[in-house]
Amino acid sequence: AQSVTQLDSQVPVFEEAPVELRCNYSSSVSVYLFWYVQYPNQGLQLLLKYLSGSTLVKGINGFEAEFNKSQTSFHLRKPSVHISDTAEYFCGGTASKLTFGTGTRLQVTL
Amino acid sequence: DGGITQSPKYLFRKEGQNVTLSCEQNLNHDAMYWYRQDPGQGLRLIYYSQIVNDFQKGDIAEGYSVSREKKESFPLTVTSAQKNPTAFYLCASMAMGEPVEAFFGQGTRLTVV
Chain E
1 AQSVTQLDSQ VPVFEEAPVE LRCNYSSSVS VYLFWYVQYP NQGLQLLLKY LSGSTLVKGI
61 NGFEAEFNKS QTSFHLRKPS VHISDTAEYF CGGTASKLTF GTGTRLQVTL
Chain C
1 DGGITQSPKY LFRKEGQNVT LSCEQNLNHD AMYWYRQDPG QGLRLIYYSQ IVNDFQKGDI
61 AEGYSVSREK KESFPLTVTS AQKNPTAFYL CASMAMGEPV EAFFGQGTRL TVV
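Line by line, the protein sequences give chains E and C.
Residue numbering for the first sequence follows my numbering, starting at 1 and increasing by one per position.
Residue numbering for the second sequence follows my numbering, starting at 1 and increasing by one per position.
The reader is advised that the hints may include incorrect statements.
With a straight-line Cα cutoff of 20 Å, these simulated EDC-like cross-link-like pairs (lysine to aspartate or glutamate) come out [what the hints assert, rightly or not]: (1) Lys70(C) to Asp30(C); (2) Lys97(E) to Asp59(C); (3) Lys83(C) to Asp59(C); (4) Lys97(E) to Glu62(C); (5) Lys14(C) to Glu62(C); (6) Lys97(E) to Glu72(C).
These are computed hints drawn from the structure, not numbers from a lab.
For reference, chain E alone in the conformation it holds in the complex (with noise of 0.2 Å):
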């Protein structure tokens, strides 16, 4: 079956410390996978995605994401985050259909 597995439900973290938020997928899922955030009440909107070539990827915001496919990894980071980077973050894959982990949700203080 296919599945996407985002390992902490939450990560608190300060503001200008870097981040790391984890993706495992499993090997049925992996042809594209895909990096969205989502703020209150609004829908998803893409940070990243991986379809092949050079496995670091770097999205908009100024986040970027590494394809491991010995350790079936997806992991998002970001070297220094900003308040307004406080936001719910869900990793997807696709293989015959569009899937998510259960997100992870951000939160950055002062």
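Go by the hints and put chain C onto chain E.
Structure of chain C alone, referenced to chain E:
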């Protein structure tokens, strides 16, 4: 502008009533999806369609129905059989070929009163 539109943004339903949520896209995407979002449970797939006149059940299809008569439209009906329908519903569309990307609507918040 191309995009995906969900309506209404807020919807109230009395117990025992069916209600239909609208999802329209003008991106010429083949695939469309419906998700339900509850706090702490992420996005759970209700139904999806990859071609007109065909759709597949997702993980939580019970109590819901869909149709895909046109490529642009994928309405979701929440039936009275859905025992706990209060939730935030998200629709998405995706191109099946390059470039692969899924676009989301702004969501519909359904509340049973």
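Going through the hints against the structure:
1. Annotation: proposed proximity of Lys70(C) to Asp30(C) holds, straight-line Cα distance about 10 Å (limit 20 Å).
2. Annotation: proposed proximity of Lys97(E) to Asp59(C) holds, straight-line Cα distance about 11 Å (limit 20 Å).
3. A threshold of 20 Å between alpha carbons decides the hint, and for Lys83(C) with Asp59(C) the separation of about 16 Å falls inside it, so the pair holds.
4. A distance of roughly 18 Å separates the Cα atoms of Lys97(E) and Glu62(C); the hinted pair therefore holds under the 20 Å criterion.
5. Simply put, Lys14(C) and Glu62(C) have alpha-carbon atoms about 19 Å apart, close enough for the 20 Å limit, and the pair holds.
6. Distance restraint check for Lys97(E) and Glu72(C): the Cα-Cα separation of roughly 18 Å lies within the 20 Å cut-off, and the hinted pair is therefore satisfied.
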